[in-house]
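Student: Okay, here's what each chain looks like letter by letter:
2 protein chains.
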Amino acid sequence: MIKLVLIGTGNVAQQLYRAFTQAGNVEVIQVAGRNKAALASFQNKNSTSSIDRVRSDADIYIIAVNDDAIHTVYEQLSVVGKLVAHTSGSVPLKALSDKHRPAVFYPLQTFSHHREISLKEVPICIEATTTEDLDVLKSVASCITDRVIELSSEKRKQVHLAAVFANNFTNHLYHLAHEILAEANLPFDLLYPLIKETTAKLGEMNPYEAQTGPASRNDEGTLTRHRQLLRKPNHKLLYELLSNSIKEAHAKKL
Amino acid sequence: MIKLVLIGTGNVAQQLYRAFTQAGNVEVIQVAGRNKAALASFQNKNSTSSIDRVRSDADIYIIAVNDDAIHTVYEQLSVVGKLVAHTSGSVPLKALSDKHRPAVFYPLQTFSHHREISLKEVPICIEATTTEDLDVLKSVASCITDRVIELSSEKRKQVHLAAVFANNFTNHLYHLAHEILAEANLPFDLLYPLIKETTAKLGEMNPYEAQTGPASRNDEGTLTRHRQLLRKPNHKLLYELLSNSIKEAHAKKL
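Each protein sequence line maps, in turn, to chains F and Y. According to our numbering, the first sequence holds residues 20 to 273 in order. According to our numbering, the second sequence holds residues 20 to 273 in order.
Be a bit skeptical, because a hint or two may be false.
Since the list gives no way to pick one copy over another, a pair counts as held whenever it fits inside one copy or between any two copies.
[What the hints assert, rightly or not] Keeping only pairs whose Cα atoms sit at most 20 Å apart, straight-line, the calculated DMTMM-like set for lysine to aspartate or glutamate is:
1) 271 / 154
2) 266 / 165
3) 22 / 154
4) 174 / 46
5) 255 / 267
6) 113 / 140
7) 157 / 238
8) 215 / 228
9) 157 / 202
10) 101 / 46
11) 215 / 165
12) 113 / 259
13) 266 / 76
14) 271 / 94
15) 174 / 202
16) 271 / 208
17) 271 / 151
18) 113 / 165
19) 215 / 76
20) 271 / 223
21) 251 / 267
22) 139 / 208
23) 255 / 173
24) 174 / 208
25) 251 / 216
26) 101 / 216
27) 255 / 87
In case anyone wonders, no lab produced these hints; they're calculated from the structure.
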């Protein structure tokens, strides 16, 4: 049984805790976090709100806190020579000192409050400085997912950037679509089947092949009619730039 | 039994034909289209490649052709006084003459070649000039979907514009994410669980509430690190503008 201490009480920590608790081969021997109310919700009998009271007998420590706080928590942790991993997509391994054996345990997913999700298919990107530490990370990750990937800090940063395009930016476009429908007093759920099918198609073809719409076929008539409909300045600007980007990408097909 | 003639042989026509064939209460008595190879694939015994040979005994004619061709096909159709609907999101009802009884039968979905999809949950937006014609459209649409919506041309245009944001633009962002991963020799399917969860969340909260990422929390450190990673000019530009749009939308929360 691998003994694990989880530091942090936010969305990532909560989902990891749930997954580890349900998995075999790994035991969360302690949860640590400053937010006492959040900490209580874990119902872990060895929880502590003091970083000084973190147990020293774990095989691995996972710091699941905001990017900005990782460094501080890592330095405050007084266990010596232990394997200490953070869960961030963008903080490089080198940013952590050799006070501990630094590592990365980055689940490539978006986590929301009160939304229980399965980690089984979620890629967990791991990084460490020795093969022994990598083996421990692999064992721990394999308890909760079928997809463990060893990635350098450089590649992890690229993955995190791609995730911003595929999640943050697409979600914001859903918000703009929501605004456009609201102007016409129409409900957003009209678009659910379309949104579902847009992503379902990606299982069969790559997004370049899946592209449809007026910009990809250079249909200036429809583009002009759309421009006349757009009210908000940021809708106009993004419509123009995204359409141009699609046109450029698909110009060779036409 | 409602008798229907389908004009067109593209993706929309194919999906509608399949749905009507499987449904009760409506019979596709003929399929018409200039593309003989595509027409043959319908295996409809009364198919014709000549617009002059379209049968005159149908209750409704559905023109499922490209936006640019709708007007021409509508005018060429020699049946007199019949209910003739097009399937476009952006062509207004007024664009069609009173040679026939003009109407709209717009399925709000993205259709791809060889991808069979269920229309059961897909909204079909209908429009006509009389309540009698609306009733026929409702009957026909109800055969293949549970969601029939009467919409004016104005509102339909807004829906179509929102669909461009929710489908065309998001799909293009998947393409850019694909490019960013390819630069690091990483496969796009790493992002599938994230993409699935991004859209699954919309069933529980609106996209504004679902927004996460560095721009929404004004995390300048991560934004700066991302800017340094971006290589292609259109990636840089879109990163900047989408991040700014998210920041503006979420500034009040911070």
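Student: So, for every hint listed, does it hold in this structure?
Tutor: Cross-check of the supplied hints:
1. 271 / 154: neither (46 Å within a copy, 45 Å between copies)
2. 266 / 165: neither (38 Å within a copy, 35 Å between copies)
3. 22 / 154: within (14 Å within a copy, 67 Å between copies)
4. 174 / 46: neither (30 Å within a copy, 56 Å between copies)
5. 255 / 267: Answer is both; intra-copy 18 Å and inter-copy 15 Å each pass.
6. 113 / 140: neither (28 Å within a copy, 50 Å between copies)
7. 157 / 238: neither (50 Å within a copy, 30 Å between copies)
8. 215 / 228: Answer is both: 17 Å inside a copy and 19 Å across each meet the 20 Å cutoff.
9. 157 / 202: neither (50 Å within a copy, 25 Å between copies)
10. 101 / 46: within (17 Å within a copy, 72 Å between copies)
11. 215 / 165: between (24 Å within a copy, 17 Å between copies)
12. 113 / 259: Neither, since 40 Å and 27 Å both go past 20 Å.
13. 266 / 76: neither (58 Å within a copy, 43 Å between copies)
14. 271 / 94: neither (53 Å within a copy, 34 Å between copies)
15. 174 / 202: between (42 Å within a copy, 9 Å between copies)
16. 271 / 208: neither (35 Å within a copy, 25 Å between copies)
17. 271 / 151: Cα proximity of residue 271 and residue 151: none, with 49 Å in one copy and 47 Å across.
18. 113 / 165: neither (27 Å within a copy, 56 Å between copies)
19. 215 / 76: Result: close neither inside a copy nor across copies, 46 Å intra and 38 Å inter.
20. 271 / 223: neither (22 Å within a copy, 40 Å between copies)
21. 251 / 267: between (24 Å within a copy, 13 Å between copies)
22. 139 / 208: For residue 139 and residue 208, the Cα distance is within 20 Å only across copies (15 Å; inside one copy 28 Å).
23. 255 / 173: Answer is between: at 18 Å across copies they meet the 20 Å cutoff, but 35 Å inside does not.
24. 174 / 208: Answer is between; shortest inter-copy Cα gap is 15 Å, intra-copy 36 Å.
25. 251 / 216: For residue 251 and residue 216, the Cα distance exceeds 20 Å both inside one copy (28 Å) and across copies (29 Å).
26. 101 / 216: neither (46 Å within a copy, 34 Å between copies)
27. 255 / 87: Neither. Shortest intra-copy (34 Å) and inter-copy (24 Å) distances fail the 20 Å Cα cut-off.
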